[in-house]
Every structure is written in structure tokens, then in C-alpha cells.
Amino acid sequence: LAEDASTRSTAVPAELCNAVFDLEVNTAPPVKAFVSLSEDSLAYDEIGDASRTDLSSGVLFVDDISKVDVATDGIVVTASGGTRLVMALRPDSPAGVLAAFDRAFVHLSNG
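When the letters of the sequence shown are read in order and numbered with our numbering, they come out as residues 217 to 327.
Please note that a few of the clues may not be correct.
As the list claims (entries may be wrong) - Quick list of simulated restraints, FRET-style, between CB atoms:
1. 275 / 308: 21 to 29 angstroms
2. 268 / 311: 27 to 35 angstroms
3. 266 / 288: 27 to 35 angstroms
4. 304 / 268: 14 to 22 angstroms
5. 242 / 308: 36 to 44 angstroms
6. 275 / 319: 20 to 28 angstroms
Note that these hints are calculated values from the structure, not bench results.
Where a beta carbon is used, it is the ideal one built from N, C-alpha and C, also for glycine.
Let's have the full structure, built from the sequences with the hints guiding it.
Printed below as a string of C-alpha cells:
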């Protein structure tokens, strides 16, 4: 079944990978957050007590990401506007999560 252009343009981007990290946005203290990387953006949502109404969330568009550094304990993403995300591994992080994000970022930079 062929797709027409209008179907493709409204399609939701495929998610490449996701995981829970201890996330530090700029100079804010680290928070437990669900981080998801898709073809067009890196999104994060803080995970916290349901009684809290101040949970943070945000999106960095892939086109705005200027640098990605992958280390043994996490990933640092820098955006062209100066935003800096530090995605640190958690004790319960699944094996291979950094490699999965690294492969996804390489895929996006070559795309």
C-alpha cells in the first residue's frame, strides 16, 4: 500500500531508543527522568511523586544538537543554543543502554 505525501508528513517519528537516566539540565540538580530519542527530537520527562505538579519536561530538536559525548557513565548532549543535558546512568540502567543511544546519535548524524 503506497503512502501519499500527506500521510508521511503527519506521521509520528519513529522512536530510536529510550531509558531512564539521572538527568541534569544545565545547572539544575539531577532528577530521575525518562529520556526518549526519535528521528527528530530528544525528549525528557521527569519521573516523580504523583503529588508533585512541578515535574520538568522538555524537548531538544535533533537539528539543534551540536555535540554528543558518550562516556562510560553517561552521555552529555549540547545544543546550539547552549542547553546542556547530562544523562547519567542509574544503578538500575539496563546493560547496553549507552551503546544503544550512541548508535542512534551516530545514525542521526549520518542521516
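Verification of the hints:
1. 275 / 308: 21 to 29 angstroms: Between residue 275 and residue 308, where Cβ atoms are some 25 angstroms apart, the hint holds.
2. 268 / 311: 27 to 35 angstroms: 30 angstroms, holds
3. 266 / 288: 27 to 35 angstroms: Given range 27 to 35 angstroms: holds, Cβ gap about 34 angstroms.
4. 304 / 268: 14 to 22 angstroms: 21 angstroms, holds
5. 242 / 308: 36 to 44 angstroms: At 25 angstroms between Cβs, range violated.
6. 275 / 319: 20 to 28 angstroms: 21 angstroms, holds
Of the numbered hints given earlier, the model fails hint 5 alone.
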